[in-house]
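Engineer: Protein chains in written order, with my numbering: chain H, 1 to 148; chain F, 149 to 296.
Everything labelled a hint here was simulated from the structure, so no lab data went into it.
It is possible that part of the hints are untrue.
Straight-line C-alpha distance at most 27 Å; calculated DSSO-like pairs for lysine-lysine [to be verified]: (1) H:Lys73 with H:Lys126; (2) F:Lys274 with H:Lys73; (3) F:Lys274 with F:Lys221; (4) H:Lys73 with F:Lys221; (5) H:Lys126 with F:Lys221.
There are 2 protein chains.
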Amino acid sequence: MLTRIDHVGIACVDLDASIAFYRRTYGFEVAHEEVNEEQGVREAMLRVNGTDDGGATYLQLLEPTRDDSPVAKFLARHGEGVHHIAFGTADVAGAAEEVGGRGVRVLDPAPRHGSMDSRIVFLHPKDCGGVLTELVQAADQGGGRGEG
Amino acid sequence: MLTRIDHVGIACVDLDASIAFYRRTYGFEVAHEEVNEEQGVREAMLRVNGTDDGGATYLQLLEPTRDDSPVAKFLARHGEGVHHIAFGTADVAGAAEEVGGRGVRVLDPAPRHGSMDSRIVFLHPKDCGGVLTELVQAADQGGGRGEG
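Using the sequences provided together with the hints, build the complete structure.
Structural biologist: Next comes the structure, spelled out in structure tokens:
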């Protein structure tokens with residue numbers, strides 16, 4: 001059902017500074033950058049490796065664009081650090097239904113738009129051992145706004 | 149230098165319950181389980197996917213074995229959740245030296261024993277945007293106690 005760690009989401013106060021840190025320190029490069037107004041974040045995807053399901057694993061750096069966004073609230077409470085982990089799947093709607101049937105609250109009633117035209121749902125961290133967990137279907141796995 | 153996300157370390161209060169959650173909810177299976185007395189943890193590695201450097205990405209579930217271990221202190225402060233992320237490398241000593249030369253404090257003066265006979269160092273989270281970061285060389289990349 002879930003075939004890779006798609007990304008680790010990291011909350012930061014200054015996206016450009018975080019990008020510079022990861023490039024300078026480890027040599028990771030930005031594969032994609034976008035603003036997600038719905039989630040109130042400016043974000044960058046740094047590709048770390050390819051995965052054996054034909055996808056890839058990224059670091060996702062997240063800077064809030066407004067004070068009432070979930071990432072801004074996370075930063076106010078916890079400071080910078082890991083915000084969530086995301087598992088990749090070829091069928092996010094099906095995976096959400098399966099996981100929901102196993103007693104985990106799915107926070108999105110239907111998949112919504114994520115990074116790089118993916119489709120995503122979030123799971124309730126209290127049902128996932130304190131880990132804010134995302135399920136993601138990449139655009140080349142049938143994701144994208146067109147389907148949503 | 150760093151060629152994969154090797155694992156995401158997750159602190160939990162009850163390893164068996166966490167293993168059961170990840171198996172029941174997502175179908176992830178335990179690839180390896182061990183006690184690391186030095187770090188004061190009982191841990192399980194759940195393999196999620198293979199990576200294009202010939203390695204794999206795991207979830208690492210960590211239960212403290214004593215109250216003064218770093219993971220016990222993390223749980224007391226933050227509760228359950230993501231504890232650290234680990235990047236895989238073919239040369240952990242070389243990577244630690246490079247990263248140290250770029251102004252990041254390396255917490256271990258020499259690589260020490262990690263999961264599955266890997267060799268690891270930790271980096272200071274304050275130098276890594278709030279992310280406790282580990283560098284890991286797998287046993288089949290020349291890791292293992294024999295070299296250490």
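Engineer: Taking the hints in turn, state whether each one holds.
Structural biologist: Going down the list of hints, with the structure as the test:
no. : hint                   : result
1   : H:Lys73 with H:Lys126  : holds (17 Å)
2   : F:Lys274 with H:Lys73  : holds (20 Å)
3   : F:Lys274 with F:Lys221 : holds (17 Å)
4   : H:Lys73 with F:Lys221  : holds (24 Å)
5   : H:Lys126 with F:Lys221 : holds (20 Å)
The structure is consistent with each of the numbered hints, conforming to all of them.
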